[in-house]
Amino acid sequence: MTSQSATGLNVPATSEELRRTVARMFGRSLHIRTLDTGSCASCEQEIRLLAAPHYDLHRLGFFFTPAPRHADLLMVTGPMVRAFETAARKTYDAMPDPKVVVATGACALGGVYQPDPFTHGGVGGTFPVDVWIPGCPPSPLALLQGLLVAVGRLADQVKDLDFALNRTPR
Amino acid sequence: MNPLPVMAGAAAAWGLAALIALTCGSTRAGIRASCAVSGLGGAAALAAGVSALLSGNSRVVTAGGSVVVGTLQLQATSLAGVFVALLGLIAVATALYAPRYHEPGHTTGLYLGVFNLAVLASLAVLVAGNVVTFLVAWETMALLCYLLILRRPRRSEVAAGAFWFLALSEVGFVAIIAAFVILAAKTHTMQLDLIAARAHLVSGDWRVAAYLLALTGFGFKAGLVPLHVWLPEAHPVAPADGSAFLSGLITKLGVYGIALFGFVLLPGGPAWRGILTMAAGAVTAAIGILYALNERDIKRFLAFSTIENIGIIVTAFGAAMTFLAYGQRLLWAFLLLAGLYHVANHGTYKTLLFQEAGVIEHVTGTRDFDRLGGLAHRMPRSSVITFLGTLGIAALPPLNGFVSEWLIFQGLFQGFRTGSHLVAILIVLAAGTLGLTGGLAVYAFVRGYGIPFLGMPRTRQAAAASESRQPQAGPALLAAACVALAVGAPVMLAGLARAMRTVTGVTLRPVLLPGNLTVIPAHTNFSGFSPTWLTVFLLAVSAVPVLIYLAGRPRGGSRIEPVWDGGIVEFKPRMQYSAMTFSAPTRVMFDALYRPSVSVHRASDDPAGSSGPVHYESEATPIFERYLYRPVIRAFEWLADVVRPIQSGDVNLYLFYVFAAVLVAYLIAAL
Amino acid sequence: MTALQPGLAGESGLRDLLTGFGRDGHGGGPVTTLSVPVADLQAAVRRIAAHPGARLADVFASLENPDTDGSPVTLRLVWGLDADRRYLITESLVEGDSYPSLSDIVPGAFTEECEIYEQFGIRAAGGKPLNRVALPPWAGPDWPRLGRAPAEQPKDVHAPHHVGGHAFEFPFGPVRQVAVESLYYGLVTSGEELVDLYLFTWHKHRGVEWRLRGMTPGEALFYVERTEGLGAVGNSWAFAAAVEASLGLEPPPQAMAARAIALELERLYNHAAATAALCQSTGLVIGQAAAEIALERLLRVNAAVFGHRYLFGVVDIGGARADLDAAALRSDLPGAYGELQRAAAALLSTNSFLDRLEATGVLTEEAARRLGLVGPVARAAGLAIDARADHPARPYDQFRPEVAAQDAGDVLARFRVMLAEAAESVRLIGEIGRTAAGPGLALPPGAGPGQPAQPANSGLGWAESSRGESLAWVALDDGGRITRARLRPASVRNWRGFDDACRSQNVFTDIPIIEASFWLTVAGTAR
Amino acid sequence: MPLWTLRGLRRGVVTTRYPARPDPSAVLLPTPPVFRPDALTSDLADRLVAVCPSRALGRDGDVLVFDVGACTACGRCRAEAPQAAEDSGEFELAATAREHLIKRIALDGSPR
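Protein chains in written order, with the numbering used here: chain A, 1 to 170; chain B, 1 to 671; chain C, 1 to 527; chain D, 1 to 112.
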């Protein structure tokens with residue numbers, strides 16, 4: 001997780017170190033602010049369903065908050081439309097350090113839209129992203145797993161999958 | 001020591017200051033000299049006022065007179081002490097304020113001369129010993145104030161405002177003369193202390209008539225609703241120190257008149273007389289603050305706030321008279337004391353606010369709330385001083401407004417001591433109205449201070465404001481006076497209690513101030529608090545969060561980010577509350593009083609659903625001007641038209657009139 | 001939309017309308033195209049607008065020959081002649097920089113005029129100040145557009161949102177409450193009552209129509225589905241129908257049945273989501289939880305039946321691609337819809353909830369007709385228009401849907417219309433489900449071996465998405481690639497009714513309720 | 001209840017364990033494809049790269065580069081080459097680094 005440490009350097013942390021720093025910083029409940037940078041509204045619907053009885057992120061210690069000032073985690077959807085970039089940058093800057101950025105959905109990960117005069121094609125260029133959640137749209141279960149990876153309570157298991165059949169897994 | 005000679009000294013100083021101003025007012029040195037002398041006079045008056053409070057009524061001194069006018073007699077009474085002291089304080093503050101406020105010029109000299117003479121006339125009113133002196137001084141003061149307001153005669157609204165002041169002043173003067181004539185006729189003397197001694201001679205209907213005439217006459221000057229109409233017209237057009245003097249003191253002379261008649265000349269009287277006064281005061285307070293909430297011009301806003309505070313003082317006097325009618329002498333004296341204390345407080349912070357309004361008008365060139373904003377960063381000293389004044393007038397602890405309104409409320413809450421349920425209910429109802437007024441006052445002054453001083457500047461002038469050459473000393477002195485009146489309240493109340501013994505004959509001091517700086521409202525088993533310790537406690541309590549913040553703030557690097565605005569491109573000044581939108585809730589709740597007329601022009605009224613510029617205006621209908629004064633004025637104009645044919649201009653006709661008049665007089669005499 | 005025999009009722013009314021123009025429109029079937037010279041375009045618009053049951057559904061422009069710059073612009077007006085069950089497209093060639101004003105006659109065309117000015121640089125005569133639609137305020141002449149930038153942009157062309165007098169503008173957005181799309185509200189208020197409201201949707205403009213140029217319909221379908229995720233089936237059905245109309249394709253009946261089932265399932269979960277949003281905006285958390293349970297189970301039915309929670313990938317050019325699990329449909333749907341019925345029944349008996357909805361966000365029938373609104377918003381205001389009934393395509397010609405309409409026009413009327421439509425959808429799914437429904441594709445020409453390339457052609461497609469009639473118009477070149485694609489999801493039409501509905505309100509907290517009752521997406525209108 | 005609170009105070013956030021048990025609805029979700037390297041010939045890989053609308057597949061010499069992050073699980077590659085691609089059933093794919101999502105699959109069994 002790269003966080004703006006006091007020296008201002010983006011220090012990439014290994015996953016073990018990530019779990020310890022995150023546990024120390026977010027010992028208490030974690031507040032989430034979402035940011036739609038041009039999504040098609042189905043990612044927003046899946047994020048809304050996180051608060052539904054089936055998934056209920058409150059039981060895992062996550063809470064939604066409209067004010068970026070009180071948010072620890074920024075959930076970004078959409079391919080970062082260029083016209084929206086100033087508002088996105090303002091939202092990110094309005095959040096206090098330490099903060100975690102989670103890119104949600106194929107648009108944000110640079111899938112559906114390629115960089116062109118209308119969109120940046122992904123949010124990687126605007127924010128230092130900590131966790132990437134693929135899917136179009138990512139189901140609430142995938143989102144919950146992404147959030148728990150963001151706070152280090154679940155491991156990032158996709159890095160060990162190699163998506164190739166009858167190949168002895170490394 | 002006898003305060004009269006000191007007052008005479010003050011009067012001489014003001015006369016001299018007027019002379020200096022009239023002769024060499026067009027140079028800056030001349031103005032500074034005149035103001036210095038006027039300041040000295042003010043200091044002398046302040047000292048004289050305090051000594052008048054403490055030393056009781058002085059002897060009546062005959063200061064000459066002429067055949068035409070009759071003998072001029074002066075007497076420094078302790079009731080007038082507070083007012084003289086307030087006059088002195090305002091004179092000193094204005095002396096500090098005026099040199100930097102006025103640009104040297106011929107009219108400036110004229111204006112300062114008139115100002116000093118007006119202060120002199122006001123002093124004469126307060127120390128008048130007999131009826132003739134009082135009336136002569138009163139009329140001189142009224143005319144000089146009229147000239148004061150006419151600082152810029154060429155502008156039409158200035159002439160209109162000044163004329164409103166003069167017209168209502170003259171109507172009031174007729175009522176005051178009638179009241180004095182009744183008293184003098186009944187007690188066969190012109191001397192005020194003798195009238196007071198023979199008060200029992202004025203009995204029954206004459207007594208009530210005299211009091212009602214005095215209440216109306218002085219009500220015009222004080223600004224009791226519905227006689228208040230000249231205040232919002234005259235204040236915006238007068239210069240800052242002029243309107244400060246008008247609001248700070250001239251309205252207080254009206255209150256002095258009511259107190260003089262209510263407590264000195266006709267002390268007793270039926271209960272309904274007090275209730276009527278209390279009702280008038282309560283209505284004035286409520287309507288005054290409601291209209292203040294709907295104003296966009298700073299000075300009109302402060303003028304309506306003056307009406308509200310006058311209402312509070314007159315309610316206190318009314319309640320005092322009611323308690324007297326039910327034999328509660330202690331509460332009678334206590335409420336008079338509380339009313340006079342509020343006079344001093346209001347005179348202080350209202351003058352401060354008017355002077356600061358003058359500074360704002362000079363710096364930004366406008367008095368409209370919706371064209372100001374963000375002045376706190378550009379005028380730090382003025383904003384701190386105005387904040388202290390606003391805390392005072394909004395009656396927020398720990399400042400002086402809170403102490404005097406607390407005293408008045410404690411007096412009103414003891415309505416049950418009158419024994420009669422109806423009267424108790426009426427008194428508590430008045431307390432309720434004052435409660436509503438207090439709440440609205442805080443709301444109004446959050447708006448009155450917040451809109452111009454906080455937030456972003458709404459126009460270029462507001463953005464370019466700077467207080468480099470603006471007067472600070474005058475308002476700073478008044479702010480210090482506010483704090484002193486609050487922290488030193490027990491000392492001030494002790495002096496006033498001494499004065500109450502001479503005016504009402506009730507020794508309040510042991511009950512009011514049992515020592516260790518606490519104040520008890522007339523009866524020990526009711527309530528009490530200490531303004532001094534309250535201030536200390538509040539300062540200590542406010543220090544705790546500061547310490548917590550200092551101890552707990554993050555050590556690591558901290559970032560400063562702009563306020564969160566939802567990610568819009570940039571925050572426009574039009575995206576803040578404006579004065580009228582801030583007070584919209586009261587416009588909705590009290591629309592029966594305001595009767596707002598709304599005009600909306602929207603680009604989105606176009607059927608195609610396009611969006612674009614929006615213009616929304618909501619104007620309140622001026623009820624008193626339209627439904628009370630305009631019919632009266634039209635009636636007089638009609639009467640004038642009817643009478644006009646008499647002046648047909650033919651000499652023979654005039655001779656016939658003379659003959660007819662003599663014939664009629666002869667026939668009446670022959671009856 | 002093919003497969004409809006001519007010889008409809010009201011044919012004569014239409015005949016004299018068309019002959020009034022001195023010639024018969026070309027193109028059989030339910031869509032007639034008329035070319036009208038620009039000079040007498042206004043006369044034509046006046047006459048068509050006077051025709052009973054006529055509704056201006058869309059106005060758009062396209063470059064006549066895209067590769068030469070300075071090419072003339074073709075202005076196309078799409079009219080829904082609902083009474084005659086036919087669409088009428090009038091085409092006019094605009095040479096210079098201006099064309100006769102349409103919004104003076106049909107006010108609903110104003111937003112389209114603004115969009116045409118931004119994208120093609122031609123402005124309606126009459127110099128009425130325009131509004132910004134898709135381009136941000138700092139968009140210069142080099143900003144990518146469908147046509148060319150306006151030659152010189154006079155300063156006053158865009159109406160300034162200046163607020164004067166005793167009102168102030170309360171800025172709300174574009175980053176709004178949690179998990180809600182980015183949209184900027186300009187709430188102009190006098191402190192108590194709402195004086196005016198305007199919207200900026202350019203924050204989410206991804207230029208989908210600009211992006212589709214040069215793509216094959218198959219590739220384009222991927223982006224059409226993702227213009228408005230919650231309206232994927234509706235919009236992609238309209239787009240696929242347009243391509244099929246231009247290529248003369250005839251999708252197999254079982255594919256059309258699969259499409260209809262997917263469209264009704266999409267309507268179901270959208271109405272459930274709207275119910276949940278209504279409960280959230282009125283603060284009724286229990287109602288919201290109940291509706292969200294129903295919503296989640298409906299999404300799981302979608303996943304079970306078509307393999308995707310939001311029904312992406314069901315519609316394909318020439319038919320339907322995803323295989324339909326009819327057993328799962330019959331077993332899971334009743335349970336899921338039962339949840340929604342229970343939640344709705346409970347809500348309709350909760351007075352505190354109903355009080356918040358009654359007489360809130362009122363939209364009169366006149367306003368709905370004037371602005372050309374569609375879908376539940378129009379039906380709740382008394383305009384009983386529904387593309388499935390008025391312009392039925394297979395299988396809606398056999399399974400005729402019953403149009404649910406109210407006339408109060410407030411939030412409660414919209415809620416009731418949505419619930420009635422949900423019940424109707426379940427009934428339709430039951431009936432259509434009994435016929436053979438499954439994947440199947442009519443092979444597009446040239447795709448199969450040995451079929452001649454189709455000459456360049458254009459086609460109009462429509463479908464009744466959950467938010468209302470969604471239109472699409474496609475022009476293909478001889479290689480089968482898209483030269484101009486016009487997508488008009490229902491959100492584009494209905495957002496212009498939103499500020500009318502809000503303006504009658506004097507409390508801020510009612511605005512989220514009205515927005516939930518409209519249940520539109522910003523992605524749909526910003527496309 | 002107090003015990004749980006104390007534990008929470010001591011260890012920071014105490015919530016229910018997740019996931020208590022696998023969620024049955026997960027089986028319905030569309031998931032990115034998994035490839036069968038030995039069925040992947042070079043021209044089949046090129047056809048797959050061409051058919052993917054969100055450019056999640058790419059070629060790097062004789063390696064098929066599969067970007068799981070860009071994949072929208074639209075199923076076009078599975079429809080194109082059922083014998084070479086099928087559902088992976090993996091939907092918990094959150095990654096703490098973008099590189100973790102870029103997979104390199106060697107064509108027809110040759111070592112990567």
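Hints listed in this document are in silico derivations from the structure and should not be mistaken for laboratory results. Each hint should be verified, as a subset may be incorrect.
Listed next, the in silico EDC-like pairs over lysine to aspartate or glutamate satisfying Cα-Cα at most 20 angstroms (straight line) [as the list claims (entries may be wrong)]: (1) A/Lys-159 x D/Asp-87; (2) A/Lys-159 x D/Glu-99; (3) A/Lys-90 x B/Asp-591; (4) A/Lys-159 x D/Glu-90.
Here chain C is said to cover these stretches of chain A; the calculated rule only asks that three of the stretch's residues, wherever they fall, bring their Cβ under 8 angstroms from a Cβ of chain C [what the hints assert, rightly or not]: (5) 34-40; (6) 75-88.
Partial selection, computed: residues in chain C whose CB lies under 8 angstroms from chain D [unchecked claim]: (7) Ala-49; (8) Ala-50; (9) Ala-151; (10) Trp-202; (11) Glu-219; (12) Arg-300; (13) Gly-307; (14) His-308; (15) Phe-312.
Since this is a predicted model, take the numbers as computed values, not measurements. Glycine included, each C-beta is placed from N, C-alpha and C at the ideal position.
Taking the hints in turn, this is what the structure says about them:
1. A/Lys-159 x D/Asp-87: Holds - the C-alpha atoms of D/Asp-87 and A/Lys-159 are around 18 angstroms apart, at most 20 angstroms.
2. A/Lys-159 x D/Glu-99: 8 angstroms, holds
3. A/Lys-90 x B/Asp-591: 42 angstroms, violated
4. A/Lys-159 x D/Glu-90: Measuring from Cα to Cα gives roughly 12 angstroms; hence the hint holds.
5. 34-40: holds (count 7)
6. 75-88: That given contact holds, which follows from 6 residues of the region 75-88 of chain A lying within Cβ reach (below 8 angstroms) of chain C.
7. Ala-49: Since the shortest Cβ distance to chain D is 41 angstroms, the answer is violated.
8. Ala-50: It is violated, given that the least Cβ distance between C/Ala-50 and chain D is near 46 angstroms, above 8 angstroms.
9. Ala-151: 37 angstroms, violated
10. Trp-202: Status violated, d = 25 angstroms.
11. Glu-219: 6 angstroms, holds
12. Arg-300: Holds. Min distance 5 angstroms.
13. Gly-307: Because about 6 angstroms separates C/Gly-307 from the closest Cβ in chain D, which is inside the 8 angstroms limit, the hint holds.
14. His-308: Holds, about 5 angstroms.
15. Phe-312: With Cβ-Cβ at 7 angstroms, under 8 angstroms, it holds.
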